[in-house]
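Undergrad: These are the residues of each chain, in order.
2 protein chains.
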Amino acid sequence: MTAKRDGCVLCETSGGRLVFEAPQFRVIHAEEAGFPAFYRVIWQSHAAEFSDLSSAERAVCMEAVAIVEQCLRAHVSPAKINLAALGNMVAHLHWHVIARFDWDTRFPAPVWATAQRDRDAGREAGVAAALPAAEAAMIAALSKRTS
Amino acid sequence: MTAKRDGCVLCETSGGRLVFEAPQFRVIHAEEAGFPAFYRVIWQSHAAEFSDLSSAERAVCMEAVAIVEQCLRAHVSPAKINLAALGNMVAHLHWHVIARFDWDTRFPAPVWATAQRDRDAGREAGVAAALPAAEAAMIAALSKRTS
Chain E
1 MTAKRDGCVL
11 CETSGGRLVF
21 EAPQFRVIHA
31 EEAGFPAFYR
41 VIWQSHAAEF
51 SDLSSAERAV
61 CMEAVAIVEQ
71 CLRAHVSPAK
81 INLAALGNMV
91 AHLHWHVIAR
101 FDWDTRFPAP
111 VWATAQRDRD
121 AGREAGVAAA
131 LPAAEAAMIA
141 ALSKRTS
Chain S
1 MTAKRDGCVL
11 CETSGGRLVF
21 EAPQFRVIHA
31 EEAGFPAFYR
41 VIWQSHAAEF
51 SDLSSAERAV
61 CMEAVAIVEQ
71 CLRAHVSPAK
81 INLAALGNMV
91 AHLHWHVIAR
101 FDWDTRFPAP
111 VWATAQRDRD
121 AGREAGVAAA
131 LPAAEAAMIA
141 ALSKRTS
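If you're matching them up, the sequences are chains E and S in order.
First residue of the first sequence: 1, per our numbering; consecutive thereafter.
First residue of the second sequence: 1, per our numbering; consecutive thereafter.
If you are wondering where the hints come from, they were derived from the structure by calculation, not from laboratory data.
One or more of the hints may lead you astray.
To be verified - Calculated from the model, a selection of chain E residues having no Cβ within reach of chain S, i.e. all distances over 12 Å:
1. Asp-6
2. Ala-22
3. Ala-33
4. Ala-121
Stated by the list, open to error - Output of the computed footprint for chain E on chain S, the stretches with three or more beta carbons under 8 Å from beta carbons of chain E:
5. 35-47
6. 97-108
What the hints assert, rightly or not - DEER-style ranges, computed between Cβ atoms:
7. E:Gly-126 to S:Val-90: 26 to 34 Å
8. E:Asp-120 to S:Asp-6: 42 to 50 Å
9. S:Glu-21 to E:Thr-13: 37 to 45 Å
10. E:Gly-126 to S:Ala-115: 19 to 27 Å
Even for Gly, the Cβ is constructed at its ideal location relative to N, Cα and C.
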């Protein structure tokens with residue numbers, strides 16, 4: 001079920017702290033400085049582009065993205081959720097699911113833009129403190145979906 | 001079917017050159033300097049977040065995104081497709097579908113990062129010349145889906 005490609009970092013490593021794993025996808029927490037609630041939904045098989053998946057696989061993938069998004073909305077109350085599948089550096093399908101806050105270093109610009117303010121360690125810690133509950137909700141909802 | 005919000009630019013304007021319109025979404029070509037094959041799939045009703053849509057609506061939305069992606073892959077042979085729903089500035093669900101090339105001003109960084117090389121007018125024109133055929137393919141595939 002999971003076709004691997006030699007030399008692909010997302011075929012050979014988890015890509016971050018594993019939160020949930022299903023046969024077709026996994027959810028990881030990414031360590032991205034200044035963005036405490038940054039998750040990725042990574043397709044298990046090596047696929048470069050979203051349209052390399054079948055329609056049914058795309059639905060599985062995006063329902064996982066939606067669940068991660070919903071749990072972040074419920075538990076960390078972001079100003080906005082940002083979703084992206086870029087893959088210019090690592091062409092193995094992974095969806096960034098990022099909770100954005102009006103006090104984060106780039107808001108309202110994308111996280112890949114130049115910083116426009118300093119980090120707020122106190123607020124970042126507040127978000128981080130809510131992640132265990134957010135992740136418990138993700139695991140519960142994703143388990144129900146994939147069982 | 002299409003709930004509008006006063007003052008929302010994507011409720012009140014097309015948001016770009018209209019390529020295709022269905023009851024639930026529209027596809028536009030965006031004028032973004034240096035990125036000739038930059039499209040957006042815009043949800044017709046005002047919804048801020050992807051997870052504000054129902055599961056069935058998300059499937060409709062993402063199959064439209066996949067069709068735009070497939071037609072760009074077939075007609076402009078990009079190095080990579082980039083997909084993103086950010087909405088920090090305009091919180092009305094819209095998916096960026098961007099054909100990226102190894103010669104574009106930001107590659108392999110996201111289009112929102114700092115430019116790392118000059119524009120290549122000749123290559124941009126070559127991509128632009130392929131867009132009518134790409135858009136005809138989008139219209140044909142999207143019409144079949146939504147008829």
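Undergrad: Against this structure, judge whether each hint is valid.
TA: A quick look at each hint next to the structure:
1. Asp-6: Correct as stated: the minimum Cβ-Cβ distance to chain S is 20 Å, above 12 Å.
2. Ala-22: 17 Å, holds
3. Ala-33: Label holds. Min Cβ-Cβ 16 Å, cutoff 12 Å.
4. Ala-121: 22 Å, holds
5. 35-47: Violated - the segment 35-47 of chain S has 0 residues with a Cβ nearer than 8 Å to chain E, which falls short of three.
6. 97-108: holds (count 3)
7. E:Gly-126 to S:Val-90: 26 to 34 Å: Since the Cβ atoms of Gly-126 of chain E and Val-90 of chain S sit about 27 Å apart, the hinted range of 26 to 34 Å holds.
8. E:Asp-120 to S:Asp-6: 42 to 50 Å: Once the Cβ atoms are compared, 33 Å apart, the range 42 to 50 Å for Asp-6 of chain S and Asp-120 of chain E is violated.
9. S:Glu-21 to E:Thr-13: 37 to 45 Å: Given a distance of about 43 Å, which is inside 37 to 45 Å, the answer is holds.
10. E:Gly-126 to S:Ala-115: 19 to 27 Å: 35 Å, violated
The structure is inconsistent with the numbered hints 5, 8 and 10, although it conforms to all the rest.
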